[in-house]
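*Asks:* Start from the sequences, fold in the hints, and give me the full structure.
What follows is the residue order along each chain.
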Amino acid sequence: MTTATRTLSNQTSRWRGRWWVNALFGLFALVFGWFLLNVIIGGQCDAKCVEGTLSQTLRVATPIAFAALCGLICERSGIVNIGIEGQMLMAAMVCYGVNLFSFQAMQGPLGPETAGQVSRWLAMGAGMLGALALGMLHSVVSIKFKTDQIISGTVVNMLSLGITGYMYRQFLAENIPAGPGTFPTMPIPGLSQIPIIGSVLFQQKPLVYIMLIVVIVAQFSLFYTRWGLRTRAVGEHPRAADTLGVNVYRTRYTAVWIGSLIAGLGGAWFTLEAVDVFNPGMTNGLGFIGLAAMIFGKWMPFGALLGALIFGLGSSVTTTISIFRPDIPSQIPQMLPYILTMAVLAGVMGRATPPAADGQPYEK
Amino acid sequence: MANAVTTSGSEDSPQKSRLQGLGQMFGLPLLALFTAFLFGALLIWITSGSLNTVFEAYRGLIRGAFFKERGLSETLVATIPYVFLALGVAVGFKSGLFNIGVEGQFYIGAVSAAWVGQLTNSLPAFIHLPLALAAGALGGAVWAAIPGYLKAKTGAHEVINTIMMNYIAFRLTELLISGPLRDPNASAVQTSRVSPNAELWTLYAIPERLQNPLNALLAAVALGVSAWFITHLIVRSRPGGTDTTRRGLRSPQTLPWIIGGVVALLTFFLLPPLTQAWWPFQDPYDRLHIGLFMAVMTAIGVWWLLQQTTLGFSLRTVGANPSAAKYAGINISRNIVTAMAISGALAGLAGTIEVLGVSICRCLPLFFSSGYGFDSIAIALLGKNNPFGILISAFLFGAMRNGADTMELYSGVSKYVITIIQALVLLFVAAPPIIRWMYRIKPPEDAAAEAPLTRGWGG
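Protein sequence lines, in the order shown, are assigned to chains A and B. Residues 385 to 748 in our numbering are what the first sequence spells out, letter by letter. Residues 979 to 1437 in our numbering are what the second sequence spells out, letter by letter.
Be aware that one or more of the hints could be misleading.
[As the list claims (entries may be wrong)] Here chain A is said to cover these stretches of chain B; the calculated rule only asks that three of the stretch's residues, wherever they fall, bring their Cβ under 8 Å from a Cβ of chain A:
id	region
1	1037-1048
2	1133-1146
3	1394-1404
4	1407-1421
[Unchecked claim] Between beta-carbon pairs, the in silico distance windows are:
id	chain 1	residue 1	chain 2	residue 2	range
5	A	Met-570	B	Pro-1421	52 to 58 Å
6	A	Ala-489	B	Lys-1131	52 to 58 Å
7	A	Ala-407	B	Gly-1349	43 to 49 Å
8	A	Arg-709	B	Leu-1192	46 to 52 Å
9	B	Leu-1289	A	Glu-558	49 to 55 Å
10	B	Pro-1108	A	Arg-623	54 to 60 Å
11	B	Thr-1287	A	Ala-407	49 to 55 Å
To be clear, the hints were calculated from the coordinates, so they are not data collected in a lab. All figures in this text were calculated on a predicted structure; none of them were measured in a lab. Every residue gets a Cβ at the ideal spot worked out from N, C-alpha and C, and that includes glycine.
*Replies:* The following block contains the structure:
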């Protein structure tokens, strides 16, 4: 779209871009989607089904939102990170392994109940460190050695596929001890009693709450703190930031490492919240969907969360459909989130502007 | 682009520059390989706790790749799809696109070829085999052109879109194999066996195949055209090769036709009785097939396309500097779609070959997994996106892939270690400064020519 047409469309459509117009559209789309869902499954989606679908939406959106936040913080500082998929996979593997073996070690002295709690939180920390290790590699390769960041991200993905697969085959595939399992649901007292909203928002497992908190913290710190201002400046115009005394390299390292820790949380979701097994390649492209959510959200944490929720909704609706309509081949609904991602990217891309220095190595 | 800079920059001392060129061409990739294997050894040593396992693993790897029964031929069988896929990736890179979705295009190519291959048993190979190959290539091309179109029209980055298309391709092939294309007579979920006429000939079967005159005709046309093409390239590269005023039998215009014609005639009349009398490939279980020949010819063809044609020039220009290309009047959108389509067609051909030449059932089974996708990116970069470099690096990766099973069998080391080594190769090849930093090598003067290969979201 050229500048002229863009100005023209801005003048003609007064309503476009207003938040409440968008919200209205969203609400309308939701209601319409619910009707459509009823048509597909034959009028069976009652309040309980809606509640289940929405709560599933939030659950599935969690890793996508973590991935999107990781990508967002990295890219706000000017580093493209497509290795999130690999970082999450690594974190998932580390979480699974640490959860198993630390439980094994602590079960005796602490008793199964406490040992389970401790080992799960310990595993989450270890998983974050696992993702951080890959993030450090990515940051050094792309900041110090100024390599193409897309290729560096591909290396991270491949390396993670290899390492997790190797570790799985050597240590986690056979003769594994019984583990403590995934996090139990943590209903928030009081709030979880509210009808519908309570069960959707406040009867979740801990990572969902952590995700919501991280989104708010990220939004606040990116736009209202000194660190956020510096990070954004480095991503938009590193030369100017450097002139004003901001250490470009250090800022970028920090951003990538913080992002990696967040990606680690996303990885922890797979083996500490979703299922109690690890499979090679179990992240299934959710890291990339996270990047699409980030672009959809125009590099803003709240927007990224919205994007993640849309993908989560797409995925949980397909689950609902496949429960009610087993006659539809499962592959068709399974394709949906990916098609949705592409459609959203195609629709939003032209209107969303990435940070100006995104993906460009900085030469001092 | 990097090559052009190197050659033009050091024309004053040809002897020295050739040596330097060789060193630059092979030195870093070899060091990268060596270092990657060193890290792999370290990993095996740490996790297994014994140095002996390292030696056993690598011995098993080499043994499986070259020295066990049919080892070398299985390595070549694995090399063939790698060549096609890596060529596809390289065409993308040369045009400034990162086609990370070759895996999906591979699947779509495979399923298209499986569909066309099993349609009928009555077509002669002369028509059916080229048709199946074309179907596979077309399938891959369409699949890759979609992200290309989206990139050209909306700016949606091809990395995300091709990966999304990968997952869609996996589900779609699953759907097609278990639904409309399922072989009703087989107990396993798979497509019907392709017609024997659509199969790629194994080297073992060539004498028998050539007894059919139509098959001999197909071979004659294929070899004749290849001979014409290669002569054409050689003649053109010699001094006076583009001189259109010369006449006579040895003139640049006529020589390719003469040689091509002679090769075709010889193939048609002499090859069938000759192969009947003597043929080196006598092992019926040897899976090596004529795809090897196709792979080499395709590599030459891709080199020709990129380096000798107008289309190749505009693709490379768009890849090197889109602003300059736009200023020069090159249609960038069309170039992006074309580049993706060519890239996808090559990847689709790889899938086609997997179905028509490699799979035991000559069909596409459910949950068939190639795992070629990421490897081919590393192969393309290891070969520096040069078709002939790709032939070498594909052979290397084919050897690793083929040897991995034997390694796992002999030493108990999981074959995922190969993936790790390949990732490290990619890392070291894509980031020469790391290798230079490790070995304290001084950077060459034109280090800036190692420009970034891809572009961010904005591009």
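*Asks:* Does each hint hold? Answer for all of them.
*Replies:* These are the hints, each one checked on the structure:
1. Counting residues of the region 1037-1048 of chain B whose C-beta lies closer than 8 Å to any C-beta of chain A gives 0; at least three are required, and the coverage claim is violated.
2. For a cut-off of 8 Å, the count of residues in the region 1133-1146 of chain B with a CB near a CB of chain A stands at 12, and the three-residue condition holds.
3. With 10 residues having a beta carbon nearer than 8 Å to a beta carbon of chain A, the region 1394-1404 of chain B meets the requirement of three or more and the stated coverage holds.
4. Here's how the region 1407-1421 of chain B fares: 5 of its residues keep a CB closer than 8 Å to some CB of chain A, so the rule of at least three is met and the hint holds.
5. Range check, Met-570 (chain A) to Pro-1421 (chain B): Cβ separation about 55 Å, and the 52 to 58 Å hint holds.
6. A hinted range of 52 to 58 Å for the beta carbons of Ala-489 (chain A) and Lys-1131 (chain B) is consistent with their spacing of about 57 Å.
7. Our hint of 43 to 49 Å for Ala-407 (chain A) and Gly-1349 (chain B) holds, since their Cβ atoms are close to 44 Å apart.
8. One distance hint, 46 to 52 Å for the beta-carbon pair Arg-709 (chain A) and Leu-1192 (chain B), holds here, with the actual separation near 50 Å.
9. About 54 Å separates the C-beta atoms of Leu-1289 (chain B) and Glu-558 (chain A), a value consistent with the hinted range of 49 to 55 Å.
10. Remark: the range hint 54 to 60 Å for Pro-1108 (chain B) to Arg-623 (chain A) is upheld by a beta-carbon distance near 56 Å.
11. Between Thr-1287 (chain B) and Ala-407 (chain A) the CB atoms are about 53 Å apart, so this pair conforms to the stated range of 49 to 55 Å.
Hint 1 from the list above is the single one not met by this structure.
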